[in-house]
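Trainee: Letter by letter, the chains look like this.
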Amino acid sequence: MWDTEVKRVSAVKRDYLARLAKEGKRPDGREADEYRPIKIEKNVIKNAEGSARVKIGDTMVLAGIKLEIGEPYPDSPNEGAMSTSAELPPLASPEFEYGPPTPSAIELARVVDRGIRESKYIKLDKLCIEEGKEVWIVFIDLHVLDYDGNLFDACSLAASAALQNAIIPNERHDIGKNESLPVGSPPVSCTFVKYEDFIVVDPCLEEDAIAQARFTVALDENGDIRAMQKGLSGSFTVDEIKNNINRAKIHAKNIRKLLEE
Amino acid sequence: MWDTEVKRVSAVKRDYLARLAKEGKRPDGREADEYRPIKIEKNVIKNAEGSARVKIGDTMVLAGIKLEIGEPYPDSPNEGAMSTSAELPPLASPEFEYGPPTPSAIELARVVDRGIRESKYIKLDKLCIEEGKEVWIVFIDLHVLDYDGNLFDACSLAASAALQNAIIPNERHDIGKNESLPVGSPPVSCTFVKYEDFIVVDPCLEEDAIAQARFTVALDENGDIRAMQKGLSGSFTVDEIKNNINRAKIHAKNIRKLLEE
Amino acid sequence: MWDTEVKRVSAVKRDYLARLAKEGKRPDGREADEYRPIKIEKNVIKNAEGSARVKIGDTMVLAGIKLEIGEPYPDSPNEGAMSTSAELPPLASPEFEYGPPTPSAIELARVVDRGIRESKYIKLDKLCIEEGKEVWIVFIDLHVLDYDGNLFDACSLAASAALQNAIIPNERHDIGKNESLPVGSPPVSCTFVKYEDFIVVDPCLEEDAIAQARFTVALDENGDIRAMQKGLSGSFTVDEIKNNINRAKIHAKNIRKLLEE
Amino acid sequence: MVKLLIKDGIRLDGRKPDELRKIKIEAGVLHRADGSCYLEWGENKILAAVYGPREALPRHIQDSTKAIVNARYNMASFSVEERKRPGPDRRSIEISKVTSEALEGVIFTELFPRTMIDVCIEVLNAEAGTRCAGITAAAVALADAGIPMKDLPVACAAGKVDGTVVLDLTSGEDKEGEADLPVAIAPRTEEILLMQMDGHMTYKEFEEALELALKGCKKVHELQREALLNKYKDFEV
Amino acid sequence: MVKLLIKDGIRLDGRKPDELRKIKIEAGVLHRADGSCYLEWGENKILAAVYGPREALPRHIQDSTKAIVNARYNMASFSVEERKRPGPDRRSIEISKVTSEALEGVIFTELFPRTMIDVCIEVLNAEAGTRCAGITAAAVALADAGIPMKDLPVACAAGKVDGTVVLDLTSGEDKEGEADLPVAIAPRTEEILLMQMDGHMTYKEFEEALELALKGCKKVHELQREALLNKYKDFEV
Amino acid sequence: MVKLLIKDGIRLDGRKPDELRKIKIEAGVLHRADGSCYLEWGENKILAAVYGPREALPRHIQDSTKAIVNARYNMASFSVEERKRPGPDRRSIEISKVTSEALEGVIFTELFPRTMIDVCIEVLNAEAGTRCAGITAAAVALADAGIPMKDLPVACAAGKVDGTVVLDLTSGEDKEGEADLPVAIAPRTEEILLMQMDGHMTYKEFEEALELALKGCKKVHELQREALLNKYKDFEV
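Chains as they are written, first to last, in our numbering: chain E, 20 to 280; chain A, 20 to 280; chain X, 20 to 280; chain L, 20 to 256; chain Y, 20 to 256; chain H, 20 to 256.
No wet-lab data here; the hints were simulated from the structure. Any given hint might turn out to be false.
As the list claims (entries may be wrong) - Cβ-to-Cβ under 8 Å is the rule here; a few derived chain E residues that face chain H:
(1) P122
(2) E126
(3) A246
(4) G250
From the three backbone atoms N, C-alpha and C, an ideal C-beta is built for every residue, glycine too.
Throw the hints in and build the complete structure from the sequences for me.
Mentor: As structure tokens, this is what we get:
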């Protein structure tokens, strides 16, 4: 039920990928532990408070940040709030459909959200306007433009980059000058999939399609773990999980550099 | 359209039940005027302000009461409000489906609601916090756990029992000590169905499935009528209706005793 | 996708209408530039603040006006607001279905709305109760009762007529005496359709069904243009559009007279 | 509540306890529908249309043994004092359900397997008693559409106001009174197709109210029959 | 409204009345779509993608005589100053409808019975004139997807500001001005595929505005053709 | 946050860091369901039911190679302090998805092509750890329904509170603590079927927490097996 969105792969293609996997080869010739080229562009949407376009290979995601004034939660009257949503529009893939967010889109948005939230990337305690009355609500909207695999990392990266250069639109509300959104150090997310007992980082479209298990980990600047998500119906051994995390530490360091450029 | 939820019964089964009916016999051996065993347990859900689990035969319903502070209706600024809803989750029967409440679930909730409302069981005039501003709203949520016929009586009974021991959660809102929800005398509901000109009380699942007409009456402590509902596409004669009400008076007295234990 | 609501016309019928069109004839014998009889009745719904029933031939529409108190838009704190919606209930046609408004119903309501709004028919600046806080919101609800073609003109006319005699229900809200809704001069809408290179005004049901292009123009008392809408997948030449507008000026004058009776 | 609803045996609108409001019924008023009826009952204005029997769609809802009767009760947003949001609410869903069931009880549905008979009831102006008015109008529309029925159903409410059992409640009586008892019957056999009640009645009062409702039904039934004999071609809302 | 929108024949953004904003068009920018286009028109940033012709699903919507053209206009939540809630609103449903109809008018749909051609128009940044920009981008994406068309449709708006007829309104001009007239045409025949108008224009002003819009369409059409000749492999948002 | 959650190695509810809350499991408690389980875990009260394998409907969702596993996690509106609106929210949709996937991993789905196995998890009272409790109950219900499985899955969370790695967090520990790590495994092979984490843990703390969670799973697994051996006929909520 939950994976009806998964694109059907022909049996022939599936066999071909399985044979490659047995030789430790990937369909696009990469190493198991190799990312596709990553490209980040910031500040691309004028009407957004912050924005970034991220490409990982041919996967392209646009993140836009909007800030609105709203009420704080009763249990944190001094803190702003954040809300993350992901759109998988039919523009980006023949399998996507119009309508309310699918379970896949909800899982994607919630995993990105947890990485940002748990690493305290947005300093929510600095987003209070009037205690218990008015705070800033940060909306992170992830718009997938071209889907060629590994949306978790592309969306996480786009969100981090868009927040990095976002502003608080005080002027629009006549409450002072615009200022930078206070942020700390961003989380970096790494995703692995497993198929035919082969575990690869940064799955391309075909690998996403035949993946049996998926694992995403979000790491902070110290390499500590802030969020994890195992997905799909396959399983990982304890050692595989540990190995993934250790591989992720190295990738995260490299990706973090791109983000700080 | 409205009865697509009604489970299809095989022709063989239908014939068998019809033959039994002609001899005045029911599929589970009961008399036409006999209830299955009834069991009431109160205070079973810690997070609810009141709760009760009711079993009638193998039908099992859980009622939970929650109180929230809200605005009164403009035409009764001094009174609290009540809202009743029924969930028929797929857990309880292979015919139930996820989604918004079906017409059957809405009818069920509204009939239970009318019995409670019209017998003035909840003393809504004692639920005002600040006139025209804040009153208590009593939410009665009926959760069917196992469906083996006669939901009207099981739900009505569970609601009455759950309200009986409910509290007003003043402490959660820092407006004083918790106190008992002010209630009067509960309504008691009796339901009859007719099939093959045979009228029985407390229909079991198979009887619900082949019922041609259904009649529910809610009686107060004096045996006066507070609510009635005839359902399904079959009809009753005037005498049958009158007879049902008179039979209900006796059943209601017995059920009321259980409720007061 | 968007015209799945368009009723299928049999090939035979289509051929017949095409042959008639080639001779410049319409299925009901009218001239290309001739409206069916129009009948307007005002004040037919007691609970509405204003109402009108309009018949154009056998098409019948009921417009009802309701006024509610609400907040003004931030950018026009001194002005009331208006909202137009159209219901195409299954009562009016075998093709209509229950459910949320279809794209066709939305287009219809929005075109009627633009005619009224752009001709400043409702004097929204006189509907402020308290600046920035409370204004009147005018709800125009169009209820189609019998669909026999040309809903755009019937709905526009019904809305204009219903507004003409509407009142502001001050008494219901204890803020003074009821008074007339302040209105200016109503827009009048004329609709043309094109099929087989034949352009006719006031399409009947069969003409609506085979129309390739549709054009509606709303004119003010001076014959100036306040709103236009070209619809359907066929096209008009520039000259056809101009010709339509000039024909519309004459029709609008006549219809305006009916409205002022 | 010092306001008396009944004074010297006369109700606020001048009626006696067992008197109906003014009723006007016209059959065949719509051009597109297979059958239709316009009904005024006091200030209630109701339009009913019938389409069918026609193929039930989507197919998986078809019943191979009979027609599905699908009545929908809908209130126009402007039919009540406080504007109603368009679309069905819980109240109208329940009324649609019991109305569908009441009508299905008299239709020879087994003659039209795999089909659907749609009954559209639009309340244009509402003033208490709309469910009975709707069933009454729907019955005429069904007859106008030529749907074969065992009987022509009819509905009317009785109730209790200021301790008195009365026929056909107004808005004020419904709101301030003690009980409302809408009833629909098959008039030839007096079989009860619909019955709901809310309020407070002793068993004796109920017997009295039911008898009054049945009498009301029979009077309204006469008007239904007249309307079917004199189909008008036009009607005034 | 003392603010002048046109001063000495020059508009607030420095343009003359008959001048277009800056436009940039790139074709074939997406990897997954069958055809695509990225378009910047002033501050508007629009992405269009085409999928199909492919089997129309669910089957009951199939037309045995032609392809269904299903265009969807969607604004990203961050594309406007006040965040837009995701999902279609009434405005975007209407734009989707008239856009679908305008595009269907030029596509040889009868070549692809039982199929659907999906046209996705995403507004990433909005600054007035998005429906014309969307149709213009969609046309390029359709051509990029190899969909056979009678002509390459194109759209442009004219309007009236401070009593002057002008081409291609900005947000400020749209809001403060007197009228807006978006037009889409098949450029070879000048046939009108889409036309909407709201505001206030005399017939004479309308004639003038329409002429201006047609001229605008033709200029934009040149840019469309260039873009199709120079498909880039990458693009900058 | 001066409140200490752990004092002298003892948690606020009196447990040691590696101690589970009290757990009670009963299998076969429902009459209609093909398999069922009632589970109390601390103050959590959870009911799980299984229906199927049965024909997957509508047909277009059928998989010709295997059964679809469709688990739904639902919280009763009264199961939490602040009343929850009925119907799925984003949190419960995510939990339903990962639960479905975790269970699918152990079921021999390929034995039942074109069917669906529905797993209904109703949270009647919630007090932290409901997703693990739900999976644990669902596993017992699946076994009770006779669904063939490679292993009987089981779930348990570990976490970090006041700098200490602890087993099976309470509401207060979940809210005030530093990290939560729910894990579901196939106990025979220790393969990980579900793992989520939010909070802050070093890699070393993670290793420690995972080990603790695995131990917890094994203890709970014993209780599952006992419950399946002693199916009760009635149960107490």
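Trainee: Which hint numbers doesn't this structure obey?
Mentor: No hint contradicted; all consistent.
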